[in-house]
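Using the sequences and the hints given, assemble the complete structure.
Number of protein chains: 2
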Amino acid sequence: MLVNGEQGNSISIRDRGLLYGDGVFRTLNAMHGKARHWPLHYQKLQHDCTALGIACPDMPMLSTELDRLLLQHPDGVVKLIVTRGGGARGYAPPAQEATPTHIWDISPLPDYPSDRATLGIKARICQLRLSRQPRLAGIKHLNRLENVLAAAEWSNVESSDEDIAEGLLMDAGGNVIEGIRSNLFLVLAGALVTADLSRCGVSGVQRDRVIAWAAQHNMPLQVRDIRLDEVWHADELFVVNSIIGMWPIRELEQRSWIDFPVAAKIRRDLDGSQT
Amino acid sequence: MLVNGEQGNSISIRDRGLLYGDGVFRTLNAMHGKARHWPLHYQKLQHDCTALGIACPDMPMLSTELDRLLLQHPDGVVKLIVTRGGGARGYAPPAQEATPTHIWDISPLPDYPSDRATLGIKARICQLRLSRQPRLAGIKHLNRLENVLAAAEWSNVESSDEDIAEGLLMDAGGNVIEGIRSNLFLVLAGALVTADLSRCGVSGVQRDRVIAWAAQHNMPLQVRDIRLDEVWHADELFVVNSIIGMWPIRELEQRSWIDFPVAAKIRRDLDGSQT
Chain A
17 MLVNGEQGNS ISIRDRGLLY GDGVFRTLNA MHGKARHWPL HYQKLQHDCT
67 ALGIACPDMP MLSTELDRLL LQHPDGVVKL IVTRGGGARG YAPPAQEATP
117 THIWDISPLP DYPSDRATLG IKARICQLRL SRQPRLAGIK HLNRLENVLA
167 AAEWSNVESS DEDIAEGLLM DAGGNVIEGI RSNLFLVLAG ALVTADLSRC
217 GVSGVQRDRV IAWAAQHNMP LQVRDIRLDE VWHADELFVV NSIIGMWPIR
267 ELEQRSWIDF PVAAKIRRDL DGSQT
Chain B
17 MLVNGEQGNS ISIRDRGLLY GDGVFRTLNA MHGKARHWPL HYQKLQHDCT
67 ALGIACPDMP MLSTELDRLL LQHPDGVVKL IVTRGGGARG YAPPAQEATP
117 THIWDISPLP DYPSDRATLG IKARICQLRL SRQPRLAGIK HLNRLENVLA
167 AAEWSNVESS DEDIAEGLLM DAGGNVIEGI RSNLFLVLAG ALVTADLSRC
217 GVSGVQRDRV IAWAAQHNMP LQVRDIRLDE VWHADELFVV NSIIGMWPIR
267 ELEQRSWIDF PVAAKIRRDL DGSQT
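Protein chains in written order, with the numbering used here: chain A, 17 to 291; chain B, 17 to 291.
Just so you know, these hints were derived from the structure itself, not from any lab.
Wrong hints could be hidden among the right ones.
For chains that are exact copies, the list does not tell them apart, and a pair is met inside one copy or across any two.
[What the hints assert, rightly or not] Pairs of lysine to any residue residues, derived as SDA-like cross-links and limited to a Cα-Cα distance of at most 20 Å, are as follows:
id, residue 1, residue 2
1, K95, R105
2, K60, S79
3, K281, D224
4, K156, V93
5, K60, G261
6, K60, R151
What follows is the structure, encoded as structure tokens:
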């Protein structure tokens, strides 16, 4: 673990990342000493920092630190957090640009059942509705209580269903937005459909990669509001993120799917690509 | 500064307070070794912890720690943070109830101009609109990016106006909700009016005290949606929180007020009360 380039596993209790969730993060997959799609993650990090007015640490420095980390821990889930740093008490960002805090952490790769990518997962629709905040939409920021509450819906003891691998989130307007920790795609009438993230949701690297794949393969792609009704009628559903890769959904509430030919093709293409 | 009862000024980078803003906080005023309205703050803390499913540290323990803190620092702004603690990677709260992290910090009392309570402040209407999330409404949680972005509207260099002491926040539906760091009251046609906080906003201790004051003094009080138009037509406006106490608003955008007889009476009564 590195905090501002030094070995360490703690931050100040006055860091705005803790006080206000005033920061952003990325989660990457590292295998054999290589972090997958690091340049794409850096682009997102930079975009998100800019959106919040945080000075993004520069890429050469972060890359050097990442290399150091991977030398010690070649495989794992890498988390990079950038907060606005410390400063005077109060919500207002410091008048003098604060020195951001940047944190690297690495955890063991999760041991998800390997057949999830091929056989698909069981998912549910969360009761929690995402709020709409255009100023924060798309950003992978540290204000993640909605995700926590949504994940808690079926992880507490009474309603525990360990078989459920992801929850789908709708917004207050009834649109289907994403998974708790993933982006969602529908295969619908020969097109790929994914949610418009201009009011809520997190725009992930893997979502961008699927969108790019569609362009390369002349597959129609729609980024737009998605009604729940369309989810039930989709030919295929799949979720993506940088750790799980891609999981098709085989069971969602009372509806089930058996084949995922489009998802399978995209997954094979994306798994083989290093970009 | 105390972290889990021990002297310390740092927390783990794996604390969910940092990772997800998964926690709550209180801010209290300490003078002459006494934290004002600590029992009321504890009630709120407990309420907010329960709402998020966090095990609230018990009051005797916290009171003992607070006393220790105040022995060393009898005057200041006391901040108490309770997070869900550490645990496994991922949004879902740990299946076994995590041990919450609790943090005490104390900062010097701010040196606000003393005439703000009598002459009133200049305030502005923020451009940012609060999102609506009934599951988090009223809770003083650590997801405060909306407050940060709102405060940044006039604290950055180009549009800096140091004279502006508070920003008022509206929600996405056009209702006036609160100040960035305070609750708002209107004196309107002989009644006190404050916003319904069931969809957004933070319910503060001082707001409760004003509401209790109204009941004691048979002053009509309405907790309801407030349209911006009503703000312009209010006889008085004032904001409250535990650090500033009460500040009337003398100037808001193009509108100004001169006298604040109701605010002044409430302030005198509340300042004199220790409950």
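Tell me the numbers of any earlier hints that the structure contravenes, in ascending order. The structure breaks none of the hints.
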